Amino acid sequence: MISSGIGIVAMPMSLLLTSGEFDLSVGSVYALVPCTTEALFRLYGVNVWVGALLGIGLAILLGLVNGFFVVKVGVQSFIVTMATWFFYGSLALIVAGGLPESIPTGLFYYLGGYVGNLKLNFSTESIWLFALAVVFYVILEMTKHGNWSMATGSSRGAAAVMGVKTGRVKVINFVLTSTFAGLIGILDLARMSAVTPTGGSLLTFETIAAAVIGGTSLSGGSGSITGTLIGSIMLGMVFNGLILIGMGWYWFEGFVGAVILVACILNLRITRLRGAYA
Amino acid sequence: MPDAPLIQMVEISKSFGPVRALENVSFRLNRGEIVGLVGDNGAGKSTLVKIISGVLQPDKGDIYFNGRKTTIHSPEDARKLGIETTYQDLAICEDLPIWRNIFLSRELTGAVFLDKKTMRKETWKALENLQIGVPSIEQKVKFLSGGQRQTVALARSMYFNAEALLMDEPTAALGVAESNALLQLMLELKKRGKSIVFITHNLRHIFSVVDRLVVLYKGVRIGELAKESTTIEEVEEMIVRGKA
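Heads up: the sequence lines are chains L and G, in that order. Per this note's numbering, residue 1 is the first one in the first sequence, and the count goes up by one each step. Per this note's numbering, residue 1001 is the first one in the second sequence, and the count goes up by one each step.
Just so you know, these hints were derived from the structure itself, not from any lab. All of these numbers come straight from a predicted model, not from anything done at the bench. The reader is advised that the hints may include incorrect statements.
To give an idea of the interface, some chain G residues facing chain L are shown, with a C-beta separation under 7 Å as derived from the structure [claimed, not checked]:
hint : residue
1    : Cys1093
2    : Asp1095
3    : Leu1104
Each residue gets a CB set at the ideal place from its N, CA and C atoms; glycine is no exception.
This is chain L alone, in the form it adopts within the complex (with noise of 0.2 Å):
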């Protein structure tokens, strides 16, 4: 499922967008760490379900990677995560080393695969989705890390003085946003049962173009969770509408860069209008 694999990194993209960074490096966290689960069950036999757990504890220290040189350092989002984003692709390529071998199926299929019969299915992505959206929904809306991550995105100066800890605030999203392009990579590999190191090139620019479709602003201080979730259903519909017409996947990036900047226009204008009749 397109959607779900874009959208359940799109959200806490969002988060982090909101409190003012960004984070490029999640294509390469996206294929990093199911490749590290799959080593570790090709080289040392470790059982998938502790590969994948190992795999996202993994996730987390690259996320922190990320944050402690953008808030300790003072190195710009921009290009510490480009630089990771080169680093972690590297590592993918190292730790799969010659032809990824399959893993086996079983239960850990379910984790990311389809559940039913060939008549009728549902993907277990998709409910990782939903449950997610609810998740980052109330993260973002109805949690004081939230309040903060808006706060800090908008003025991070003002938010500091205020008494907000603006830079644990961007770690925690920085850690949560890597976390999950860990978990969509791990899920791919229980659905597809294989993985390979070069899978995620896209996904850093299509999570990003989810969010800003939905509204999120990329200088900071404002997100909505809502809105990236449609933005993410929109991409994989138009993935999926694209072959569905004939016209084939080549015109899916030159879609989604049209989309991109209608979506931004679009929402230049509305929020314009409501900054006049609010």
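Assemble the complex: chain L is given as a structure, and chain G must be docked to it using the hints.
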């Protein structure tokens, strides 16, 4: 000690490397009083305010609050004592609606989640108390005028029961009518027993509200004047020449 000054600072000194920002400066703020703190750029006004608000620590000297010796290590400490500061840049998040700004970092929560209903209700109350007209508390601050922003910052300070308000150049970004409204508001707060330290370069604004003026010159307190016994010209002379 009910008769003790609200804030008393005794012989405060502060240096930044070789630069002596404050030298043995004493300062007092009584209850229900507006004190004007004046001086040219670099006179040490902001340093003094930052020491009271906990942003800076003095190298030497004592601070008494309500007659009791105290140390203010951080802005949180100052707020706990009831000292609120409105900064020149207002420390407001433009993308957030008014009510989120009022409660930023001091959010009201239920068991786990934000209690938005109460925060919205309380925001209306806080604004009503100050008689400020805003169309909606859902409005993002970036769409407010300078005066409205200033009042949001003030409402925030007042809501948390500040005893002492430190106002650093509150009229700097305001128009004429907005400035006058703010000055009225300061007098109203004084009537309610609040104490205010008012820092500004605008002597006309200062003279229209303060009880007392403290003049700093290159980090030294060179004069303390009751408003009735001085003139704008005299104060101006002191600020520029540094002579009493």
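Against the structure, the hints come out as follows:
1. Cys1093: holds, 4 Å
2. Asp1095: G/Asp1095 check passes; min Cβ-Cβ to chain L is 3 Å, inside 7 Å.
3. Leu1104: holds, 5 Å
Comparing the model with each earlier hint shows no violations; every hint is respected.
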